[in-house]
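Trainee: First to last, the protein sequences are chains A and B. Just so we're aligned, residue 12 is where the first sequence starts under this note's numbering, counting upward by one. Just so we're aligned, residue 511 is where the second sequence starts under this note's numbering, counting upward by one.
Hints listed in this document are in silico derivations from the structure and should not be mistaken for laboratory results. There's no promise every hint is true.
With a Cα cut of at most 30 Å, we get these calculated DSS-like pairs of lysine-lysine [to be verified]:
1) A:K245 to A:K83
2) B:K541 to B:K608
3) A:K88 to A:K292
4) A:K280 to B:K595
5) A:K280 to A:K266
6) A:K83 to B:K608
7) A:K288 to B:K595
8) B:K608 to A:K141
9) A:K280 to B:K637
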Amino acid sequence: MNKKTEIGSGILIWVLLLAGILSGCKGGKKPAGEETQITVPTENAAVIEDFKKAKTIFNALPSPLESAMLVKSSGSKFDVALLNPIGNDNKYVTNKSMALNLGIYTCDLSFTSLYEKTQLIIDYMNSAKKMADGLGILKVIDQPTIDRLEENINNSEIVMEIISDTYMNSNSYLEENGQSAISTMVLTGGWFEGLYISTQLIDFKNFNDNKLVGKIIDQKLSIDILLNLLESNKGNPSIDEIILQVQKLKVIFDKVTITSSQIKPEYDKASNSTMLKSDVKTNMTPEVFRELTAAVAEIRSSFVK
Amino acid sequence: MRITRIIPILAFFMIVTTFSAGAQCKAFAKKVCLPELGAYTHDGNYHAAVLVEGEEAELYKTFYSDMDYRIAICGEEKLPVVEFKIIDANKNVLYSNKDANFAKTWDFKLQASQQLKLIIRVAPSDKPSETPASGCVSIMFGFKVKK
Numbered sequence: 012m013n014k015k016t017e018i019g020s021g022i023l024i025w026v027l028l029l030a031g032i033l034s035g036c037k038g039g040k041k042p043a044g045e046e047t048q049i050t051v052p053t054e055n056a057a058v059i060e061d062f063k064k065a066k067t068i069f070n071a072l073p074s075p076l077e078s079a080m081l082v083k084s085s086g087s088k089f090d091v092a093l094l095n096p097i098g099n100d101n102k103y104v105t106n107k108s109m110a111l112n113l114g115i116y117t118c119d120l121s122f123t124s125l126y127e128k129t130q131l132i133i134d135y136m137n138s139a140k141k142m143a144d145g146l147g148i149l150k151v152i153d154q155p156t157i158d159r160l161e162e163n164i165n166n167s168e169i170v171m172e173i174i175s176d177t178y179m180n181s182n183s184y185l186e187e188n189g190q191s192a193i194s195t196m197v198l199t200g201g202w203f204e205g206l207y208i209s210t211q212l213i214d215f216k217n218f219n220d221n222k223l224v225g226k227i228i229d230q231k232l233s234i235d236i237l238l239n240l241l242e243s244n245k246g247n248p249s250i251d252e253i254i255l256q257v258q259k260l261k262v263i264f265d266k267v268t269i270t271s272s273q274i275k276p277e278y279d280k281a282s283n284s285t286m287l288k289s290d291v292k293t294n295m296t297p298e299v300f301r302e303l304t305a306a307v308a309e310i311r312s313s314f315v316k
Numbered sequence: 511m512r513i514t515r516i517i518p519i520l521a522f523f524m525i526v527t528t529f530s531a532g533a534q535c536k537a538f539a540k541k542v543c544l545p546e547l548g549a550y551t552h553d554g555n556y557h558a559a560v561l562v563e564g565e566e567a568e569l570y571k572t573f574y575s576d577m578d579y580r581i582a583i584c585g586e587e588k589l590p591v592v593e594f595k596i597i598d599a600n601k602n603v604l605y606s607n608k609d610a611n612f613a614k615t616w617d618f619k620l621q622a623s624q625q626l627k628l629i630i631r632v633a634p635s636d637k638p639s640e641t642p643a644s645g646c647v648s649i650m651f652g653f654k655v656k657k
């Protein structure tokens, strides 16, 4: 998640700047939940108007659970060898590597859950816990959570609920404690792992008919969201390194074309749901796909090394 | 002399209220908004903020074909109604909860994957001279594989 505030009033900027300095937060950003009841002088209508114009912006990447679900729904088989080995978890000692690998292990955990690799679920939850503990996100994955997971290991709905809950707790904790850059790296790690596993599962013999290729092309739609998310934390050396890597990936995604007709909503009374109808044409050659696969593998390798 | 006493007190007050507001917002999101997802699986992402009356927020997200989605947007009771609309890249409005009695949820699916934008706005106060109320607004996404 990313949030950014655009505020026009000089007075308000000074008020917020002072507030930012005093509460140890970065200026120009508005991390989740950071705001509190602020008493605005009622006689200053201009200040109130400026405050009302404040705009919060969220950039939402697909979560690890969603990424894993996309792969599974494409009918792809799964290869456990693609996951980041749990034995690697001792290597991660910096905040950057722990944050990226919290996202990566949570994504791997999502895959083991959806593909019902029950033996591995606890192992990957423990690796995610190690990363969360290292980042100081205490109690996000505590012993009762592990116990509940063990008790319900064969109930995929409860397992997914636990994964979703722990992921949300980690990110909300980081956002609410002014650690937006760390939170962004967790999200980035999760997104890359989903993309890495997807690209590695593609068999070129059925390239044109592979449903998963379509899902990988769809990630072009998220690359700008990822860049916006990272750039909102620009200036953090770890984030700046990742921005350079993602910009290289964007150059490859820019070779992929996606054209869409106008979207037409059609409400279905029976299901009380709306279908957003549109025709989309995409084009990605196997050569561009190979380039993309290599770039994703290189970046992911730098994250898990 | 007076200012040197005021600043640490103000700093302490702001730090305490910052963290308590954050924790309160997360608790609100989990307790009030999460149940709105019903049978849909929460994606695990956290989007919540304290918004003031009249304040607007935007969210960008890619939604995929093959999935059924539910969006749940909830505001604390002390806030006026929370309006939300979904627009496409050409700024066409695909849905507005104003047309559905300010419903908190919207269920949809897509024929083809699309990046969409959500615009969320806490309705402005009827009494502009008063201090605007603020409260948590939470945005949650649930999904299930399309049948």
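Trainee: Each hint needs a verdict: does it hold in this structure or not?
Mentor: Structure-based check of all given hints:
| no. | hint | in the structure |
| --- | --- | --- |
| 1 | A:K245 to A:K83 | violated (34 Å) |
| 2 | B:K541 to B:K608 | holds (24 Å) |
| 3 | A:K88 to A:K292 | holds (26 Å) |
| 4 | A:K280 to B:K595 | holds (20 Å) |
| 5 | A:K280 to A:K266 | violated (40 Å) |
| 6 | A:K83 to B:K608 | violated (36 Å) |
| 7 | A:K288 to B:K595 | holds (17 Å) |
| 8 | B:K608 to A:K141 | violated (45 Å) |
| 9 | A:K280 to B:K637 | violated (38 Å) |
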